[in-house]
Amino acid sequence: MKDFIGKARDEGRTFLNELESKEFLSEYGIQVETGVLVKTPDDLEEIADSLEYPVVMKVLSNQILHKSDVGGVRVNIGRDELKEVFMDIMNSVRQRAPEAEVEGILVQKMHSGHETIVGMYRDQQFGPVIMFGLGGIFVEILKDVSFRLPPLSKDEAVDMIKEIRGYPVLEGARGGERANLDSLADLISRFSEFVMDFESIREVDLNPVMVNRDTAVVIDARIIFE
Amino acid sequence: MFLEILINGCFDSVSVRFMDGNVSAEGIKAIFDPKSVALVGASDEKGKVGYVFMKNLLERYIGKIYPINPRKSEILGLKAYKSVADVPDEIDLAVILVPTKAVPGVVQECAQKGIKAVVVITAGFKEIGGEGAELENKIVEIARNAGMRIVGPNCFGVMNLNIGLNASMSLGTPEEGGDIAFVTQSGAYGMALYSFAIDAGMKFGKMLSLGNKADVDEVDALEYLKDDPETKVILLFLESVQRGRKFFELTREISKKKPIIVTKSGRTAGSARAAASHTGAIVGDFTAYRTAFNQAGVIFSKTGLGMIDYAKAFDWQPLPGGNRVGIITNSGGTGVELVDLCYENGLEVPELPEEVQERLKPQMVPFASARNPVDVTPDWKGFKTLYYSVPAEFFECNEIDILMPIVLGRVAMDVDAVKALKRAVVEKQKEGGIKKPVLVCWISLREHENNMKILEEAGIPCYTSPERVAEVAGAMVRYARYVRGAGK
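Taken in sequence, the protein lines are chains A and B. Taking our numbering, I'd label the letters of the first sequence as residues 1 to 226. Taking our numbering, I'd label the letters of the second sequence as residues 1 to 488.
Hints may contain errors.
[Said to hold, decoys possible] Restraint ranges, calculated between C-beta atoms of paired labels, are given here:
1) K143(A) - E239(B): 21 to 29 Å
2) R484(B) - L142(A): 25 to 33 Å
3) D416(B) - K143(A): 47 to 55 Å
4) E101(A) - Y343(B): 56 to 64 Å
5) K226(B) - F198(A): 27 to 35 Å
6) D80(A) - R245(B): 37 to 45 Å
7) R410(B) - L142(A): 43 to 51 Å
8) K7(A) - R245(B): 50 to 58 Å
9) E27(A) - G129(B): 45 to 53 Å
10) Q124(A) - R484(B): 52 to 60 Å
11) K109(A) - L305(B): 42 to 50 Å
12) D340(B) - K143(A): 19 to 27 Å
13) N76(A) - G266(B): 46 to 54 Å
14) R481(B) - K143(A): 19 to 27 Å
[Stated by the list, open to error] Below, a list of computed lysine to any residue pairs in the SDA-like style, where the Cα atoms sit at most 20 Å apart:
15) K154(A) - R252(B)
16) K264(B) - L44(A)
17) K143(A) - F286(B)
18) K154(A) - T464(B)
19) K162(A) - R478(B)
20) K246(B) - Y167(A)
21) K162(A) - R290(B)
22) K72(B) - V49(B)
23) K154(A) - G346(B)
24) K143(A) - K109(A)
25) K246(B) - Q124(A)
26) K154(A) - N294(B)
27) K83(A) - L44(A)
28) K264(B) - Q124(A)
29) K154(A) - E249(B)
30) K419(B) - R481(B)
31) K162(A) - G346(B)
32) K246(B) - S200(A)
33) K264(B) - S200(A)
34) K154(A) - A486(B)
35) K246(B) - K83(A)
36) K246(B) - E199(A)
37) K162(A) - E354(B)
38) K162(A) - N345(B)
39) K64(B) - G177(B)
40) K246(B) - Q125(A)
Honestly, the hints are just simulated from the structure, not real lab data. The C-beta atom is built at its ideal place from N, Cα and C for all residues, glycine as well.
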């Protein structure tokens, strides 16, 4: 396995960028959406035909941890808007994070389903603690989340998922889509093994993890280490 | 933006445990089960701490006692020695009461003598910082090099009432031992809780005051109590956990066999947690503790006094097979209140099966209800019949897992009704072996407390508020579920 953390640490960093984080997670069999990294508007032209629309575009930089805060994330983009959005993101990032070095723009397929968050933080006494919740207002306003200490079997992960108040949403309440609980529990269980293996990892957000009837996929990820 | 924070900042210096496992376990055994105890700083002068300890040791301890005092040849009828080095026999445990500055020297002597463990009662160590912290590090170093364990410093002492050992500052020694073990980080409050519990009729086996936890901590104590056949219920009063992950793994194992009831104070002391992730931002200071407790089947009590309520039920009563409650009451209002509280604590109060109701109705006045709560109404003459027959029906009924008799006012005054309730429990549960817990909601004047004793002396716990009854029952149901889940 590649030494992701060692490499980033050598570069004086305290976190892995989105691409590194996802590559690292996929080593544990966690399903991730990587997308395509483009560096110039010409690169965009080349891949435009192969994309499934609409797409998401996100800035990739080793200096930017919170991409949205610098106008670095745009969603629901059609084919004819690609170049314009590319330039918009570049301009916004240049203005709001002038010191950041931009690796490029990630272009990703949009996933349907329920938005969830899977995270971890390291408690000074108890070590890694895993968190699960539904995305958006559920986690931000209602703090509707459940916690467990890893490692977690798939069954334990299922219990953890069912513990949140918003769980009926995942069951397809009010005509919504039924989430694939098995895939989600599998992802949480694998994630719990991942965090047990690296003591230097301090915090992780898999946010969002999109869950639909077929699968659970990590759409964005950040890994922060000591 | 990237706040490197807290996590490093607030690490207490966690010392590395380099000791060999067996030496360590032997040391802990010497603390709880010593064959001989030396009391360094023993005194025969009333009012001195050394006198209190001597008295407590002499009261019932079955092992050998060696008073140590350089100025006396005899203390309270026992030969006194100038130092532990002068004692001709082996010593398992030394209890140290000398002034702070003299402690390192005494610890050194104990180490040389080959004593397995010492309990340092003396204060003035890490809790005062600076020089005190240095002294504490010094005694730990001496002990570690010798493979000797240290309890404290700055603690109240240790007891094992099953061998009559009371090496503590407590007021007197209970006449008998028991199967509850109590480990406390808080000294005075811990001692007070212990006294309250004794007063409430509870029987303790072991009690350990951890003090500054320079060496022996809650994990060490738990490792011993885990396989201790004399311990059935473990109480922990904690301010902090020193080895969290280990604590979690150990409690998760122990909980499969014995209930652990924990109070953790300092839950809200808001450390200014700054975090770089979403996950980090949403967690509170107590999140990891709560998560660990829940996941390990640990019963959490918000308060120390509350812990005694839990302990009483877990020690005296069997675990429930489910969450369905049968309530008998002589007050409709209290019955309904208790039903609400039951549901709020994850319990159910189902209507009794038709045939059970049919059997009860002829015994009740026409306007009473046999549905559940079984409301006998102010049928004073009927109390002594119904407070036997209704609980007896609950025991036999497959739809009921837990009994909650409400004993209010007139029933509490009626010694025959109280005895009838006791008889039902003794016959069905204690003699008949039907494993359904009984938790009594006792609401009455103080002058009727003697009647409450009739129940408590028979191992039927009474609580003077409906909340406590429901909370305790809720905790029993959750714990029983944990035990069943762990057995899968």
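Quick rundown of the hints versus the structure:
no.	hint	verdict
1	K143(A) - E239(B): 21 to 29 Å	holds, 26 Å
2	R484(B) - L142(A): 25 to 33 Å	holds, 31 Å
3	D416(B) - K143(A): 47 to 55 Å	holds, 53 Å
4	E101(A) - Y343(B): 56 to 64 Å	holds, 58 Å
5	K226(B) - F198(A): 27 to 35 Å	holds, 30 Å
6	D80(A) - R245(B): 37 to 45 Å	violated, 54 Å
7	R410(B) - L142(A): 43 to 51 Å	holds, 47 Å
8	K7(A) - R245(B): 50 to 58 Å	violated, 28 Å
9	E27(A) - G129(B): 45 to 53 Å	holds, 47 Å
10	Q124(A) - R484(B): 52 to 60 Å	violated, 33 Å
11	K109(A) - L305(B): 42 to 50 Å	violated, 58 Å
12	D340(B) - K143(A): 19 to 27 Å	holds, 26 Å
13	N76(A) - G266(B): 46 to 54 Å	holds, 48 Å
14	R481(B) - K143(A): 19 to 27 Å	holds, 25 Å
15	K154(A) - R252(B)	holds, 18 Å
16	K264(B) - L44(A)	violated, 57 Å
17	K143(A) - F286(B)	holds, 15 Å
18	K154(A) - T464(B)	violated, 43 Å
19	K162(A) - R478(B)	holds, 16 Å
20	K246(B) - Y167(A)	violated, 31 Å
21	K162(A) - R290(B)	holds, 18 Å
22	K72(B) - V49(B)	holds, 16 Å
23	K154(A) - G346(B)	violated, 25 Å
24	K143(A) - K109(A)	violated, 28 Å
25	K246(B) - Q124(A)	holds, 13 Å
26	K154(A) - N294(B)	holds, 18 Å
27	K83(A) - L44(A)	holds, 7 Å
28	K264(B) - Q124(A)	holds, 16 Å
29	K154(A) - E249(B)	holds, 19 Å
30	K419(B) - R481(B)	violated, 32 Å
31	K162(A) - G346(B)	holds, 16 Å
32	K246(B) - S200(A)	holds, 18 Å
33	K264(B) - S200(A)	violated, 28 Å
34	K154(A) - A486(B)	holds, 16 Å
35	K246(B) - K83(A)	violated, 54 Å
36	K246(B) - E199(A)	holds, 15 Å
37	K162(A) - E354(B)	violated, 35 Å
38	K162(A) - N345(B)	holds, 18 Å
39	K64(B) - G177(B)	holds, 19 Å
40	K246(B) - Q125(A)	holds, 9 Å
Checked against the numbered hints given earlier, the structure breaks hints 6, 8, 10, 11, 16, 18, 20, 23, 24, 30, 33, 35 and 37 and satisfies all the rest.
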